[in-house]
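Sequences listed follow chains C and E, in order. Counted from 1, the first sequence has number 64 at position 65 by numbering that gives the first Met the number 0; the numbering is strictly sequential. Counted from 1, the second sequence has number 161 at position 162 by numbering that gives the first Met the number 0; the numbering is strictly sequential.
Incorrect hints may appear among the rest.
Unchecked claim - Keeping only pairs whose Cα atoms sit at most 27 angstroms apart, straight-line, the calculated BS3-like set for lysine-lysine is:
(1) E:K142 to C:K28
(2) E:K172 to E:K142
(3) E:K445 to C:K3
Said to hold, decoys possible - For the chain C half of the interface with chain E, some residues (derived, Cβ under 10 angstroms), not all of them:
(4) L10
(5) L150
(6) L153
(7) R179
(8) N182
(9) N249
To be verified - Here are some, though not all, of the chain C residues that point toward chain E, as calculated from beta-carbon distances under 8 angstroms:
(10) F15
(11) G18
(12) L21
(13) T144
(14) F154
(15) L185
Hints are computed from structural coordinates only; laboratory data are not their basis. Virtual Cβ for every residue (Gly too), placed ideally from N, Cα, C.
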Amino acid sequence: MLPKRLLTVLLLIVCFFVGDRLLALLLEKVMLASHFRYSAVYRPGTDQAKDVLILGNSRGVNFLYAPDFQKTTGLTAHNLSYNGLSTRISEAVLLDYLDRKPAPRMVIIEISNLMMDDHAIDQFKLYTSCSKRLDAIYREEAADTYWASRLSRLFLFNCDMFLRTLYYLRRGDQSWINRRRVNLDLVKSLEEMEPADLRPALEPNLEALDRMVRHLREKGVTPVLVMAPYLPEYLARVTHLDSWLGMVRNRLKGKTDVLDYTSGVTDQACFADRTHMNIHGAAQLLQKLVADGIFRDLTASEGKSGN
Amino acid sequence: MLFTSLPFFVFLAAFLVLYFSTRGFPRLLTCLAGSAFFYGWWDWRFLALLWGVIAVNYYASRLIGETRSTGRRKALVTLAIVLSLGALGFFKYLNFFIKSFADLLHVVGLSANLHSLQIILPIGISFYTFQALSYTIDVYRGKAEPERNFLLVAAYLSFFPQLIAGPIVRAPKFLPQLRRQLDASPPFDWDSVFQGAGYILWGFFLKVVIADSLSPFVDFVFGNPAYQTSLTLIFAAVFFTLQIYCDFHGYSMIAIGIGRVLGFDFGLNFDRPYFAASFSEFWHRWHIALSTWIRDYLYIPLGGSRRGTVRTYVNLFLSMLLSGLWHGANWTFLAWGTLHGVLLMGEKLLAPSLGRAARALRVPAFASRTVSTVFVFIFVTIAWVFFRAPQVSEAFLFVRRMAALGNLSFGAVPNSFLVIKGLLLIAFLAVVELTSFRVSFGEALKRSPAFQVASGLVLLYGIALLGTFQGATFIYFQF
Numbered sequence: 000m001l002p003k004r005l006l007t008v009l010l011l012i013v014c015f016f017v018g019d020r021l022l023a024l025l026l027e028k029v030m031l032a033s034h035f036r037y038s039a040v041y042r043p044g045t046d047q048a049k050d051v052l053i054l055g056n057s058r059g060v061n062f063l064y065a066p067d068f069q070k071t072t073g074l075t076a077h078n079l080s081y082n083g084l085s086t087r088i089s090e091a092v093l094l095d096y097l098d099r100k101p102a103p104r105m106v107i108i109e110i111s112n113l114m115m116d117d118h119a120i121d122q123f124k125l126y127t128s129c130s131k132r133l134d135a136i137y138r139e140e141a142a143d144t145y146w147a148s149r150l151s152r153l154f155l156f157n158c159d160m161f162l163r164t165l166y167y168l169r170r171g172d173q174s175w176i177n178r179r180r181v182n183l184d185l186v187k188s189l190e191e192m193e194p195a196d197l198r199p200a201l202e203p204n205l206e207a208l209d210r211m212v213r214h215l216r217e218k219g220v221t222p223v224l225v226m227a228p229y230l231p232e233y234l235a236r237v238t239h240l241d242s243w244l245g246m247v248r249n250r251l252k253g254k255t256d257v258l259d260y261t262s263g264v265t266d267q268a269c270f271a272d273r274t275h276m277n278i279h280g281a282a283q284l285l286q287k288l289v290a291d292g293i294f295r296d297l298t299a300s301e302g303k304s305g306n
Numbered sequence: 000m001l002f003t004s005l006p007f008f009v010f011l012a013a014f015l016v017l018y019f020s021t022r023g024f025p026r027l028l029t030c031l032a033g034s035a036f037f038y039g040w041w042d043w044r045f046l047a048l049l050w051g052v053i054a055v056n057y058y059a060s061r062l063i064g065e066t067r068s069t070g071r072r073k074a075l076v077t078l079a080i081v082l083s084l085g086a087l088g089f090f091k092y093l094n095f096f097i098k099s100f101a102d103l104l105h106v107v108g109l110s111a112n113l114h115s116l117q118i119i120l121p122i123g124i125s126f127y128t129f130q131a132l133s134y135t136i137d138v139y140r141g142k143a144e145p146e147r148n149f150l151l152v153a154a155y156l157s158f159f160p161q162l163i164a165g166p167i168v169r170a171p172k173f174l175p176q177l178r179r180q181l182d183a184s185p186p187f188d189w190d191s192v193f194q195g196a197g198y199i200l201w202g203f204f205l206k207v208v209i210a211d212s213l214s215p216f217v218d219f220v221f222g223n224p225a226y227q228t229s230l231t232l233i234f235a236a237v238f239f240t241l242q243i244y245c246d247f248h249g250y251s252m253i254a255i256g257i258g259r260v261l262g263f264d265f266g267l268n269f270d271r272p273y274f275a276a277s278f279s280e281f282w283h284r285w286h287i288a289l290s291t292w293i294r295d296y297l298y299i300p301l302g303g304s305r306r307g308t309v310r311t312y313v314n315l316f317l318s319m320l321l322s323g324l325w326h327g328a329n330w331t332f333l334a335w336g337t338l339h340g341v342l343l344m345g346e347k348l349l350a351p352s353l354g355r356a357a358r359a360l361r362v363p364a365f366a367s368r369t370v371s372t373v374f375v376f377i378f379v380t381i382a383w384v385f386f387r388a389p390q391v392s393e394a395f396l397f398v399r400r401m402a403a404l405g406n407l408s409f410g411a412v413p414n415s416f417l418v419i420k421g422l423l424l425i426a427f428l429a430v431v432e433l434t435s436f437r438v439s440f441g442e443a444l445k446r447s448p449a450f451q452v453a454s455g456l457v458l459l460y461g462i463a464l465l466g467t468f469q470g471a472t473f474i475y476f477q478f
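Isolated chain C, as found in the complex:
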């Protein structure tokens, strides 16, 4: 009886590890074949150069609607933002992009990601097999689950981001943007909200931003740092915004300015919630960015319509 039982256990253990590695290889192929924003970065092969890259957290995701952007400016854009993405992880992704793909001409960084900690690495572990930089952050920030990913390679695919790669297997992800409109009860509740400061910018993120700007300048890429719009009723409750932005400007020591678009969109219908625009907001903001000549240098050289 005992040998049969032991044989079953041994068989289970062997099958588990062999199957785990084989399945992980298969899933990695699927993941890289996806049209999801980061799969495009880590997929081997050279893609056509993009004019503009956008980096940020969920506010970056909803900052610019790439199809609209191309139609309006004639420029190509690739949004590399993700929910909860910190500046430090953005830096790893950007450097990986610059190592693998033709350099863009402009990188827009939505800087509210300075407030994010690195918990999004739990999503970005998906790409740690392709990126030493992400792997290093994962090892440092999630030591308790890092060992699990050594035991089971399938564990790396245990995240919502992998579900997104499946979702975008047959469709592009650059149309990912909020389409809902802010709930009016939520807007009303903001009247009773106590005024509060923004969360502080985290030191590792400020250092990463500084390095990114310097690196982009060295590569001849224009860095553009922006603070995207907030719902006006919420913005009215935010205190010390100017000093927050001033602190970031001071840290950058004049290497580049921070463009304050926090009140750039004022129509409630342009927001999905208090901190995120929706597709209408992104369209309205784009008009403003174009009117402000943000893309003038890019379009002028190609004779496109970016003012």
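Using the hints provided, position chain E relative to the given structure of chain C.
Relative to chain C, chain E alone:
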């Protein structure tokens, strides 16, 4: 110490080595020391309370066994009940009663300077109190022999696999097994170990894959119900219905599995409750250990269904109300218990007429059962909203907005990826449970090593790919 945490696995490994390498008294000491360590890991100070409850019930049972005077026996069992429930009442309900009393005074225009006390709720107190009471009451009723060995009773009432969140096991079932296991030869049985390991794996899957995957969406929506669309609220209510099931069923399976590895049979605690076609059937399938406890130690002593229709309804209602109160000192739990009481009374009132109508209309049995199952599921889900909501008023708001069916667009549901993942996991569970009505997984596992390996791999890969490892505690730990 969470069953799903690394310290627990280390503890369990050490415990198993000690348990299987000893016999007789040293094994009994291993059980006692292991259980004390497991409980004390959370807060060692409450070991005194646990052992106090054990001592009260041990001595009361012994004295009941030694006396023939009916009056004295009754006095002793009453004393044990009062002391045990007194401790439970103090730690779990005192602040609730103080606050409710102050609110009541406020409503009638009076004010009193009543202060709540800073009381920590000892983990598992409701479970071990009810288990200890079942022992004393069973001895009083002559259904269990009073055990003379204090350490044996202490090992029974503090046995770590089912100490924190059950299942509540009765003395006539557990003590003979404990005596047998203490001198078991050979020291363990491979079939039990394998069966137990399978239960543990399935419980782990239910908890970390299904329950903990549903939890973030549920927490988000229940935190802001006023700002959500009807479809979002419906998803959240259904997700919580499945979350609490997988959380508690998962815990029970791990507990039962550990017991099985150690050679014990605790019995089932859940039997596919969401496929129940009536509310009474639901309570035969949900948290069976507590349902049968309430039936045997409350409903039947109150008269059960033997004292006329009205009294039956009252007894049903009171039993469900106590079941609600047992879960926690909050009006939401009372509302949940009340709702189930009303549903059970309504069913008792209407079921005969509905049955006659279905027969007259020649509704096929399958169709009738399916409709009933869906109907029961909907109302059980609504009742869970009251259980989960922080306040009764919020629960009403939640149900009102959900029932309004205002916005049913999937595009307006936040975190749609979490929702899709949740729906797929629920579908998987439904398929497994539906299949288990036709195929006995236990038998298939016994017969086929290939099926053992295949099902083991499915669960392990499922845990690796979809498990959530954020150290989420079990919902029933708070009770």
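Can C:R179 be said to touch chain E, with a Cβ gap under 10 angstroms? holds, 5 angstroms
Interface hint outcome for C:L185 [beta carbon to chain E under 8 angstroms]: Where the cut-off is 8 angstroms and the nearest Cβ of chain E is about 5 angstroms from C:L185, the hint holds.
Holds or violated: is the Cβ of C:F154 closer than 8 angstroms to a Cβ in chain E? It holds, given that the least Cβ distance between C:F154 and chain E is near 5 angstroms, below 8 angstroms.
Status of the C:N182 interface restraint (C-beta, 10 angstroms, chain E): Cβ of C:N182 sits 4 angstroms from chain E, so the hint holds.
Does the nearest C-beta of chain E fall within a distance shorter than 8 angstroms of the C-beta of C:F15? holds, 6 angstroms
Holds or violated: E:K142 with C:K28, Cα cutoff 27 angstroms? The hint is violated at about 64 angstroms.
Pair hint E:K445 and C:K3, alpha-carbon separation not exceeding 27 angstroms: holds, 12 angstroms
Against chain E, is C:G18 within 8 angstroms by beta-carbon distance? It holds, given that the least Cβ distance between C:G18 and chain E is near 6 angstroms, below 8 angstroms.
Given hint E:K142 paired with E:K172 - CA-CA distance at most 27 angstroms: holds, 11 angstroms
Does the CB of C:L153 sit less than 10 angstroms away from some CB of chain E? holds, 4 angstroms
Against chain E, is C:T144 within 8 angstroms by beta-carbon distance? Status holds, d = 6 angstroms.
Given a cut of 8 angstroms on the nearest C-beta pair, is the interface hint for C:L21 held or broken against chain E? Status violated, d = 11 angstroms.
Checked against the numbered hints given earlier, this structure breaks hints 1, 9 and 12; the rest are met.
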